[in-house]
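Undergrad: Sequence:
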Amino acid sequence: MVCQWRVPPETYGGADRAAGWLATDLARRGHRVTLIAAPGSRSDLAEVRVLDPKSPAGTQIPEGTDVAHFFFPPEGEVPVPYLVWIQGNPSAGSPIDRNTVFVSAKHAERYGSNAFVYNGIDPADYGPVDWARPRTHLHFLAKASWKVKNLKGAMRVARLAGRRLVVMGGTRLSFSMGFRLTLDPRIRFAGMVGGVRKNAILNASRGLVFPVRWHEPFGIAVIESLYFGCPVLATPYGSLPELVPPDVGMLSTRAADLAEAARAPGRFDPRRCHEWVMDRFTAPRVTDAFLALYERVLNGEPLNQVTPRLSVEALGRLLPWED
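In the working numbering, the protein residues as written are 1 to 323.
Mixed in with the good hints there might be a few duds.
[As the list claims (entries may be wrong)] The list that follows gives simulated cross-link-like pairs (lysine to aspartate or glutamate, EDC-like), each with its CA atoms no further than 20 Å apart: (1) K147 <-> E260; (2) K106 <-> E242; (3) K198 <-> D130; (4) K198 <-> D125; (5) K152 <-> E242; (6) K147 <-> E275; (7) K54 <-> E77; (8) K152 <-> E10.
No wet-lab data here; the hints were simulated from the structure. Everything numeric in this text was worked out from a predicted model, so none of it was measured.
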């Protein structure tokens, strides 16, 4: 397994954690797994090697490997059967491998493919949910500096709903995407938080506010939040209609609609949110799906009949949002 990130991340992370969960679950099932990743990576069950970014990734595959699993398109020849699991939105000019797997049906569809595997969390990383814990705030979980994640819109929803908002993934003062200083005392910034502290914030939340303005490929923040019984208040872009049916959240392009849903007591059942994730979005389900795909590439079957390419509008334009 070859990825460009540190696995697991020290604090905040999504796709890098997905790589670690898959490596661990494969190893738990008795497969010999070598994780080739950025310096500082570790695994209790897989052998770990450091990825050399100056050398073609294919040349770093250990002898005796049956199948290689990349998280980015490899340059040059790869000496064994392989696939590529893409977590982001490649631009129109980016190279996309014929054996690419996407992370949702909509993600694949936008590139003319039907090969996808949903992300899934390892519940052991989160622990049990404390259902008796008071729910005191809404939360935002994404890189706050990314305009497509729409922190401004999330703050607007919280203000309209009259709820406090905890922002995970950013700071009160930011210069990352232009100057931003948030003075509202009802908006609390937790920084690039992870682990036990992040889990505690999620377990005390009334819901995730996620008004993204791009075609969200998947959104691990969505299933993390649902795991802790938090309904999702989001825009209907990309994978979100697949992840958020009406009984576990609300999808709208209007801040007023999401705020109304955030105010409504008892509209969403926290335990139903949790069950939705446990039934569909766990690491063992990811492993099952990839074992079937590994079998296909080992048999010489391409995962896409033609090379995927962006088949909808070009990236870069913010999708509609009404404050």
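Undergrad: For a quick check of understanding: which of the numbered hints are violated here, in increasing order?
TA: 1, 5, 6, 8
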